[in-house]
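Both chains are sitting in their own frames, so use the hints and assemble them into the complex.
Read off the chains here:
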Amino acid sequence: MSPSERSAEIDPRNSGETDRRGWPAIQDYAIIGDCRSAALVSRDGSIDWLCWPRFDSAAIFSALLDRERGGYWRISPVAPKTITRNYVKDSNVLETHFAGRSGKAVLTDVMASAPYTSRRLGLLPDHDIIRRVICIAGDVEFEIEFVPRGDYGRIGVSVREIGKLGLRFVMGKGAYWLRSNMPLTVSGGGARGRVVLRANETLRFSLSYSEEAPAVLSPLDASLDARIGHVTAAWQQWGRHANYDGAYRDSVIRSALALKLLTYAPSGAIVAAPTTSLPEDVGANLNWDYRYCWLRDASFTIRALLELDYWDEAEDFLDWMLQATRLTQPKLRILYTIYGEKAPAERELEHLSGYRESRPVRIGNAARDQLQLDVHGEVIDAAAQFAFHGGNLDRDMQQILIGFGNYVVKNWDQPDEGIWEPRSGRENHTHSRLLCWTAMDRLVRLSERGLLRGAPVDVYKQQSDLIRRQIETRAWNERLQSYVSVLDGDELDSSLLLLSWYGFEQASSARMRGTYRNLRQYLGTPDGLLYRYRKEKREGAFAICCFWEAEYLALGGGSLDEAQQVFARLMKYANELGLYGEEIDPNSGAALGNFPQAFTHVGLIGAALSIREREKGEQQLAHRPPTATPHSSSEVRS
Amino acid sequence: MNWTSWLLSGFVATLALSTLLATSHGLGLTRMNLPYLIGTFVTPEREKARVYGFMIHLVNGWAFSILYALIFEARHIANWWFGALLGLAHALFVLTVVMSLMPGIHPRMASEQHGPNANRQLEPPGFMALHYGIQTPVSVVLSHVVFGVILGSLYQLAT
Numbered sequence: 001m002s003p004s005e006r007s008a009e010i011d012p013r014n015s016g017e018t019d020r021r022g023w024p025a026i027q028d029y030a031i032i033g034d035c036r037s038a039a040l041v042s043r044d045g046s047i048d049w050l051c052w053p054r055f056d057s058a059a060i061f062s063a064l065l066d067r068e069r070g071g072y073w074r075i076s077p078v079a080p081k082t083i084t085r086n087y088v089k090d091s092n093v094l095e096t097h098f099a100g101r102s103g104k105a106v107l108t109d110v111m112a113s114a115p116y117t118s119r120r121l122g123l124l125p126d127h128d129i130i131r132r133v134i135c136i137a138g139d140v141e142f143e144i145e146f147v148p149r150g151d152y153g154r155i156g157v158s159v160r161e162i163g164k165l166g167l168r169f170v171m172g173k174g175a176y177w178l179r180s181n182m183p184l185t186v187s188g189g190g191a192r193g194r195v196v197l198r199a200n201e202t203l204r205f206s207l208s209y210s211e212e213a214p215a216v217l218s219p220l221d222a223s224l225d226a227r228i229g230h231v232t233a234a235w236q237q238w239g240r241h242a243n244y245d246g247a248y249r250d251s252v253i254r255s256a257l258a259l260k261l262l263t264y265a266p267s268g269a270i271v272a273a274p275t276t277s278l279p280e281d282v283g284a285n286l287n288w289d290y291r292y293c294w295l296r297d298a299s300f301t302i303r304a305l306l307e308l309d310y311w312d313e314a315e316d317f318l319d320w321m322l323q324a325t326r327l328t329q330p331k332l333r334i335l336y337t338i339y340g341e342k343a344p345a346e347r348e349l350e351h352l353s354g355y356r357e358s359r360p361v362r363i364g365n366a367a368r369d370q371l372q373l374d375v376h377g378e379v380i381d382a383a384a385q386f387a388f389h390g391g392n393l394d395r396d397m398q399q400i401l402i403g404f405g406n407y408v409v410k411n412w413d414q415p416d417e418g419i420w421e422p423r424s425g426r427e428n429h430t431h432s433r434l435l436c437w438t439a440m441d442r443l444v445r446l447s448e449r450g451l452l453r454g455a456p457v458d459v460y461k462q463q464s465d466l467i468r469r470q471i472e473t474r475a476w477n478e479r480l481q482s483y484v485s486v487l488d489g490d491e492l493d494s495s496l497l498l499l500s501w502y503g504f505e506q507a508s509s510a511r512m513r514g515t516y517r518n519l520r521q522y523l524g525t526p527d528g529l530l531y532r533y534r535k536e537k538r539e540g541a542f543a544i545c546c547f548w549e550a551e552y553l554a555l556g557g558g559s560l561d562e563a564q565q566v567f568a569r570l571m572k573y574a575n576e577l578g579l580y581g582e583e584i585d586p587n588s589g590a591a592l593g594n595f596p597q598a599f600t601h602v603g604l605i606g607a608a609l610s611i612r613e614r615e616k617g618e619q620q621l622a623h624r625p626p627t628a629t630p631h632s633s634s635e636v637r638s
Numbered sequence: 001m002n003w004t005s006w007l008l009s010g011f012v013a014t015l016a017l018s019t020l021l022a023t024s025h026g027l028g029l030t031r032m033n034l035p036y037l038i039g040t041f042v043t044p045e046r047e048k049a050r051v052y053g054f055m056i057h058l059v060n061g062w063a064f065s066i067l068y069a070l071i072f073e074a075r076h077i078a079n080w081w082f083g084a085l086l087g088l089a090h091a092l093f094v095l096t097v098v099m100s101l102m103p104g105i106h107p108r109m110a111s112e113q114h115g116p117n118a119n120r121q122l123e124p125p126g127f128m129a130l131h132y133g134i135q136t137p138v139s140v141v142l143s144h145v146v147f148g149v150i151l152g153s154l155y156q157l158a159t
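Heads up: the sequence lines are chains D and Y, in that order. By this note's numbering, the letter at position 410 of the first sequence is numbered 410, and the numbering carries on one by one without gaps. By this note's numbering, the letter at position 135 of the second sequence is numbered 135, and the numbering carries on one by one without gaps.
Next comes chain Y alone, as it looks inside the complex (with noise of 0.2 Å):
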């Protein structure tokens, strides 16, 4: 797979998974902004914050979709089924370690143990983030089962 391939497919994907992440909270499946959670490590402005969750979410979706490629080169195996499997395997690393380290390394989200204050104020998201809401791990995975299905297909056109 080039580089230009790679730069696409990753693109592409990034925006599918993040087209659904919005649509369920468009459609009140969750609570979560996934670009506002992100953003908000970087600013406290709200409106600057979802503009820059949103670029570094693309950034970071472009630098996932370098480890799905290599694990597809090192498996010799680039299908849709693949890329949703690790798509699975990706959305439960988020939802299991990322999602109940983040008070821990968001510079603004309060916690359980502690509570908010002057300079930590968000809510932060729980197990699975189900504080975002009880349908929140559905959304997130079926997200990123779709970013790998999209991945995986087109590194199999590709190559």
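For reference, chain D alone in the conformation it holds in the complex (with noise of 0.2 Å):
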């Protein structure tokens, strides 16, 4: 039975949100992950998407973007009534707890993120999703259906039976194998069952992947249950590691571990989304693919990672910005793949439907020839807070800012073509200006305290008055009282929130406050959201544009109240497991676009962080005196 025919029988979800097609809503997607790839699980315990080894290969699972052409692999109750899910506390391990007319069971689902050094020391699997199914009162009658199709759906795979090693099939360089203590039968290019579990049975499932033979192969045993212990203990202590006492503190953890999720731990970079294609505007073709490293976030990652005393992390995404770039340096692109790669050309997947009839799918990303003046600005700033707090830049590391510094210098004045990455050309952006403005700042700010050695501070402080010059007279616009998008524009977008947050204006001053009334009149939806900008073409507001703003108010703009009750307003458009995507639809309040997003969680984070700071009357990281106490380390790696 595909995921079309299946939901015209259940209806299994609490959401409602399951269309006649059988297209789950994106917010009742969950996200498992080992540091290097992650799947989709719907609600109904399907997995949707997956894609491995890494965050952008071609996907053995895409029902997320096809419901008949795509794999997916399914285990859910036959006629389940009630559906509820949650994270093991602080950990990215998901429960799905189904319950039906006759018995409860419980599904636990699991990418085995065991530290490299485990991996290293042991006979573990490359990559291994653990599924595990446990009936608690009752029986429950379970239907399993695994069916993976190579290549984004393109190609049909063959499954085969290897004694009791289990179902084996090949696609591309690896090799897969499906484990379980139940049978399977093979057909179709797949593998099916049913079983009815009654009180305390438990049914285990291992799928694997290994580019390198001998694979590893996991025993059904009790030992796979040690596993998922070991691996929810490993999560749990990474994220209660966590240095936040706030009044969110659920939520913060749960964004950190999402971003944590969404890191290739081999390289240290981040991608901003583990999927793509998901629209935002359902049925229209605004799909990207997110599968990439996107420099604009570094900024507001490092501070995040930092004020969360997430420092191995943070250390390692500079390293890998600062080495992976090495190849364009000075000039910097403005994403990267997990390896510092040019992305790769777009193109469509024709055979594909698309998310609800979302066309076309796209794999690879245009905007990777784009210009964004902003990015040298980010890094810049991210090395700094990093540097500001105990971290050591090396003489390697300051050429590399010197170098960018200069490059900033020679092509500040140029338009580029933003943050927002239209494709309709190149404007002289504000939010590009002001980053470039950061770039000179934090520069200067560097040498001033000794930790970089040889960078031509008179030049940077020449440019840094020339850039903050021209933002003040160009980028204001007397006529609206507000800062406009572009140089001498009248238009207004969000990231204009940001001047403040870049220490460029006070949040307090009356340009700020009137930047904001404009934002809010021009911008804001009748539910107290934020779309990133003005537009003919729909989507939805944009979440991190709405914890911007509350992190603008914490930061002065507002006060105190007004910045919590915007994040207590944004918490309710989280799914039930504290999951964002990229935009919110203001009608229904469901997830658009790219699921989970990583800019989101970093803008959640920051908002939280700035509150907590404003109640404890505690300057923002990036604006605090230098420290000099040695960082701690996070200690738990994968």
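It is worth saying that the hints were derived from the structure and are not from the lab. Hints should not be assumed to be uniformly reliable.
[Unchecked claim] Once the Cα atoms are required to be at most 30 Å apart in a straight line, the calculated DSBU-like pairs of lysine-lysine come out as: (1) D:Lys173 - Y:Lys48; (2) D:Lys81 - D:Lys104; (3) D:Lys461 - D:Lys331; (4) D:Lys572 - D:Lys616; (5) D:Lys331 - D:Lys173; (6) D:Lys104 - Y:Lys48.
Since this is a predicted model, take the numbers as computed values, not measurements.
Right, dumping it as structure tokens:
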């Protein structure tokens, strides 16, 4: 039974968001991962998205983008009445609770993220999804469908039963092994089975992938339960390390855990999202591949990691930014693959229907060739935050930063595509100028504090003044009493809120308050959300911009109470697991765009931190005086 | 053939065999990582297994080169094509006999009859090592033929 057929039989979702053709709502997905790749699991226990061995590999399950042709792996009761989900506290281990007329069962899903050292020191699969079902009361009949499809659903697979080793198929450079402690019937390029579980009975499954033989196969005995326990404990140890004691601790830890899931541990890169082509406008063509790393998120991400005391991750991310971009330095692309390569050219997968007919499905990203002059400022600000708070910038890093600074000196006055990556041409974006100013300002401050040697400080000061003057004159619209998106323009976009975040303007200044009033008026929704900019194309409110608003208020643009109210309102738009997409449908509150979105979760953490700092009367990390306190290590690595 | 020549030719031939197998792995012709397969006889630690496996394979190559030398002496033939024939026979022996015996002799290898358990979790090679990739027999045969060609040629030069 394909995903579209089964929707007619069961309606197990509390959210009631499944449409007639079996499409779950975007926010009805959960994520599991191992810091190398990730899978999306629907409310009815179907893994509808999986790319192995890395985030940007071709999908083996892609029912997320095509209910007929995309593969999936479903483990769900035949007739559930209610379904609830949660992550095991402070972990990325997913539990789906099924309740039917005759019994209850719990499905546990985990992508076994054994730390690299454990993998190196013992026999553990390279990549492994463990799924376990325990019947906790009565009896529950389960149906299992395992339907892999190679290359985003384009290629059928030949599944073979290999004795008691399990089922095997080969796709690309690797072999997949599915093991289970219940019999599965191989048919139609997949495997299926039904079983009635009675109280305390357990089903165990392991799907592993390896490009090296001999592969390691997981036993399906109690040792598998022990692995789930170890993985849970490792996640909890990591999650509970977070240095945050405010009122939003659960949301902050969930966001940190989501961010960690989107980290590619071998390189330190962080992908924007694990998916491609989940639409910003359902049924339309605003569908992009986000399985790459955008430098524009650098400053926010480093700030979030540093303040939560995840220094190892911050250091790895900074190293990745400075080392992986070597081939193009001092120029920077706006996005890279997890290993710092140029992202693939954009192409369309015409064989896929797209999520709820949102065509085309794209892989690769054409924004790779765009010019965004903000990225140098992002990377320099990230490095500056790192250095101001105890991190070491070695001589090599310093030279790289000076190279970036000199590039900004030569190019800051150019038009570019800007932060929102429109495909309509280049303009003189205020946000890009702001980040060029930030680049100059931070390099000067680093030099003044003796953390950067050999920089042409006088040149940077002079350029910083020039950029400031240009922003203050040409990005300020006297008629509107507001900063505007492009020089000499009269439109606004939400990135203007960041003028205070980067320290260009006090959040409480008359100019920022005027800008904020205009933003609310022109880009606000009746429910208090914010669009990123005004445009003809339909899209949702931009989630991170909403968190920027909360943070702007916390930084002094409003009262603490106002900041808390905005933040509390935004909490309601998370799914029940605490996950956010890129955008929020202002009418239904549904998530839109790729899911979950690192940028949004970074925004949540940033806003929560700034609110906490306001409560404590502290300054934002980026604007605090330097500290010599050596950092601690977050220990748990993957 | 003196000891030094034997050591050198055995080393060169084994190195060539290892290189060809590693290249086959890198090119995606086979998933088999021979040093890892051999090294896990003595340790479950992945990184160490690769190093130990390489060293064991080197010693093994030397040992087999003695056997090749004895056959060259016994048959009074030592040239590249006879070496290639011996390499072919060697490869077929490895693929059919050694690989099928592997689950029984490898302390960490599972079998199709019993499946994996806490002590035995490695995927067995299957007939002709086909579990490790459909082109695995080709790369094994090719690398062993080259092994034999090098030994036959060097033995001919040394005598």
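Each hint tested on the structure:
1. D:Lys173 - Y:Lys48: holds (24 Å)
2. D:Lys81 - D:Lys104: Given pair Lys81 of chain D, Lys104 of chain D holds - Cα atoms ~10 Å apart, limit 30 Å.
3. D:Lys461 - D:Lys331: Judged against 30 Å, a Cα distance of about 21 Å means the pair holds.
4. D:Lys572 - D:Lys616: holds (25 Å)
5. D:Lys331 - D:Lys173: violated (34 Å)
6. D:Lys104 - Y:Lys48: violated (46 Å)
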